[in-house]
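*Asks:* Residues per chain are reported as follows:
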Amino acid sequence: MDIQSAKIVATGTDPDTGYDSFRLGGFEFRRDEYFAHIEWPKGSHIIEIDRFLRAMVRDIGWGFFYGWIFFDDIFGTTNHYGTVDLFAGAYDQGYKDQGLDHLETFPAEVVKEAFETISQNWINQGYDPLNSPLETGSPLGPKTTERTDELVRGFRPATRMLGLPGDAPVRSDETGHPTNRAFADMEFDTPDIECEPGFEGQLHAINLFDHIARADVTWNPSFTAITRASICCVTSEEHMLPVIHGNDRNEWFFQLTDEIHWQIADKNSGAPRGKIVMKPGDVCAMPADIRHQGFSPKRSMLMVMENGTPGLETRYASGELKPYPVDFG
Amino acid sequence: MAYNTHIGSLDAYEKGTIELKDDLRKYAFSNVYEVAGKSAPFERVAVAQNLEYVAEAVRIEGDSPWYAAPHDEFAIVMDGEVTFNFVQLEADQVPNHDGGAAQLGAKPNGPTMGKVTARRGHQVLLPQGAAYQLTSAKPAVAIIQTCDGPVTVKRWSEICTLGDA
Chain G
1 MDIQSAKIVA TGTDPDTGYD SFRLGGFEFR RDEYFAHIEW PKGSHIIEID
51 RFLRAMVRDI GWGFFYGWIF FDDIFGTTNH YGTVDLFAGA YDQGYKDQGL
101 DHLETFPAEV VKEAFETISQ NWINQGYDPL NSPLETGSPL GPKTTERTDE
151 LVRGFRPATR MLGLPGDAPV RSDETGHPTN RAFADMEFDT PDIECEPGFE
201 GQLHAINLFD HIARADVTWN PSFTAITRAS ICCVTSEEHM LPVIHGNDRN
251 EWFFQLTDEI HWQIADKNSG APRGKIVMKP GDVCAMPADI RHQGFSPKRS
301 MLMVMENGTP GLETRYASGE LKPYPVDFG
Chain F
330 MAYNTHIGSL DAYEKGTIEL KDDLRKYAFS NVYEVAGKSA PFERVAVAQN
380 LEYVAEAVRI EGDSPWYAAP HDEFAIVMDG EVTFNFVQLE ADQVPNHDGG
430 AAQLGAKPNG PTMGKVTARR GHQVLLPQGA AYQLTSAKPA VAIIQTCDGP
480 VTVKRWSEIC TLGDA
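Going down the list, the sequences are from chains G and F. For reference, each letter of the first sequence is one residue, going 1 to 329 in my numbering. For reference, each letter of the second sequence is one residue, going 330 to 494 in my numbering.
The reader is advised that the hints may include incorrect statements.
Straight-line C-alpha distance at most 20 Å; calculated EDC-like pairs for lysine to aspartate or glutamate [claimed, not checked]: (1) G:275 to F:340; (2) G:96 to G:113; (3) F:483 to G:194; (4) G:322 to F:352; (5) F:444 to G:192; (6) F:483 to F:363; (7) G:279 to F:343; (8) F:436 to G:194; (9) F:467 to G:289; (10) G:279 to F:348; (11) G:279 to F:340; (12) F:350 to G:289; (13) F:444 to G:194; (14) F:444 to G:289.
Derived from the structure by calculation, the hints contain no laboratory data.
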């Protein structure tokens with residue numbers, strides 16, 4: 001694997017829209033009022049700007065997450081945990097058949113810097129790609145004023161369990177997280193904790209649903225509780241997952257409230273396999289050989305169980321581990 | 330616009346659907362209310378497995394045996410009200426098996442640490458070094474995040490939606 005040493009370079013400013021264009025290795029990025037344009041030596045691609053920015057900001061915040069993040073069927077990143085692939089058409093049969101596919105590998109911090117630079121320049125005040133579409137302004141139109149607040153937030157993970165002393169805090173009014181409008185009908189109380197003398201602070205419980213209901217971001221799982229390398233993540237989901245995720249390991253979804261519709265496709269070719277509709281209480285594995293994208297008609301609560309064991313990606317990629325989690329015997 | 334959040338319970342749940350041109354066993358699609366509804370009290374039925382890690386669906390009804398694990402576990406109450414009683418283990422009582430909960434023969438003779446009473450949506454730490462008991466006067470449901478262990482029950486073929494590829 002050749003690792004590119006190039007860093008992001010600004011290549012000019014569009015005189016009409018005011019947005020900068022950029023180059024990273026062989027990839028060129030520019031935007032207009034409606035679309036992001038990506039070019040590489042053998043081809044080019046166009047992505048609706050809202051989707052592009054929603055995907056890019058999450059990819060930064062997730063640290064490129066597990067495996068493949070498809071911004072759409074053509075463009076995306078693959079995380080190798082230290083390096084990151086940028087690809088175009090590399091997992092699309094048509095592009096591959098025509099020889100138009102392209103892939104370059106960079107140090108992860110280079111791609112992070114590049115995505116932050118592009119996002120900062122292309123996101124205006126009043127638009128927040130981490131909010132649901134009903135809760136933010138439009139990304140369309142010419143450049144106005146760049147946002148000055150953090151583009152990425154809500155990603156502080158728990159190391160043992162939310163709310164423990166020294167660990168990530170539980171969301172509350174005091175932390176600046178009011179209950180989202182979509183969960184205003186729910187009643188939230190707190191667990192009753194009664195410690196015997198001498199054991200004060202050693203028992204712990206939280207209202208997890210209340211924490212999720214107060215999320216000010218969507219499609220943004222954050223660590224909640226950790227058993228060795230088994231990670232419980234929770235997230236609030238509304239509208240559509242702005243990426244298509246192809247995991248490099250098996251993961252599990254637990255639908256806590258409402259429903260999400262998942263479109264499932266083959267990870268390597270993108271060929272559709274069908275759909276899954278998850279309702280409250282449903283549990284479903286996402287195998288390591290698929291890509292999936294979720295659609296949540298009403299803001300819902302989802303729990304994700306990940307295995308963070310280092311090196312799993314190579315064990316799945318080599319075939320040592322099966323791309324599905326359960327042996328039915 | 331007023332929103333109506335949909336939740337499930339032992340008495341009222343609607344399982345989703347899985348329509349795939351694939352082997353449905355790869356997705357192990359189940360529902361914790363359905364699993365708990367068909368389980369005996371305190372059967373800890375695996376509904377998710379990531380190699381050595383599992384999540385168990387548990388029907389809580391009455392007083393459970395006492396359990397302990399060599400690592401932290403976590404419980405999320407999905408229906409009803411559950412009281413978790415805790416006893417501190419002495420050093421020589423801490424289980425030394427690889428992982429997952431083990432059932433103890435009786436309540437340990439260590440000091441009582443206290444109790445947590447949790448309802449739907451609450452997440453409870455089941456800390457390493459403590460034994461715990463689950464109690465509920467009425468049927469309740471919890472998901473336990475743990476390791477595949479001595480009390481983990483597996484009956485995937487019974488709990489999962491299966492079909493032809």
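*Asks:* If a hint holds in the structure, say so; if it does not, say that too.
*Replies:* Cross-check of the supplied hints:
A threshold of 20 Å between alpha carbons decides the hint, and for residue 275 of chain G with residue 340 of chain F the separation of about 27 Å lies outside it, so the pair is violated. Between residue 96 of chain G and residue 113 of chain G the CA atoms are separated by roughly 29 Å; this puts the pair beyond 20 Å, and the hint is violated. Between residue 483 of chain F and residue 194 of chain G, the direct Cα distance comes to roughly 34 Å. Violation of the 20 Å bound is thereby established for this hinted pair. Distance hint between residue 322 of chain G and residue 352 of chain F is fulfilled; the C-alpha atoms sit about 14 Å from each other, no more than 20 Å.
Under the criterion of a C-alpha separation no larger than 20 Å, the hint pairing residue 444 of chain F with residue 192 of chain G is consistent with the structure, at around 8 Å. For the given pair, residue 483 of chain F sits about 15 Å from residue 363 of chain F by alpha-carbon distance, which is consistent with the 20 Å threshold. For the given pair, residue 279 of chain G sits about 7 Å from residue 343 of chain F by alpha-carbon distance, which is consistent with the 20 Å threshold. Among the hinted pairs, residue 436 of chain F with residue 194 of chain G is consistent with the structure: their alpha-carbon atoms are about 19 Å apart, no more than 20 Å.
Restraint check for residue 467 of chain F and residue 289 of chain G: the C-alpha separation of about 42 Å exceeds 20 Å, so the hint is violated. Our distance criterion of 20 Å between C-alpha atoms is met by residue 279 of chain G and residue 348 of chain F, whose separation comes to about 14 Å. As the CA atoms of residue 279 of chain G and residue 340 of chain F are separated by approximately 15 Å, the hinted pair is consistent with the 20 Å bound. Taken as a hint, the residue 350 of chain F and residue 289 of chain G pair is honoured in the structure, with Cα atoms around 14 Å apart against an allowance of 20 Å.
A distance of roughly 5 Å separates the Cα atoms of residue 444 of chain F and residue 194 of chain G; the hinted pair therefore holds under the 20 Å criterion. Straight-line distance between C-alpha atoms of residue 444 of chain F and residue 289 of chain G comes to about 43 Å, which puts the hinted pair past the 20 Å bound.
The structure is inconsistent with the numbered hints 1, 2, 3, 9, 14, although it conforms to all the rest.
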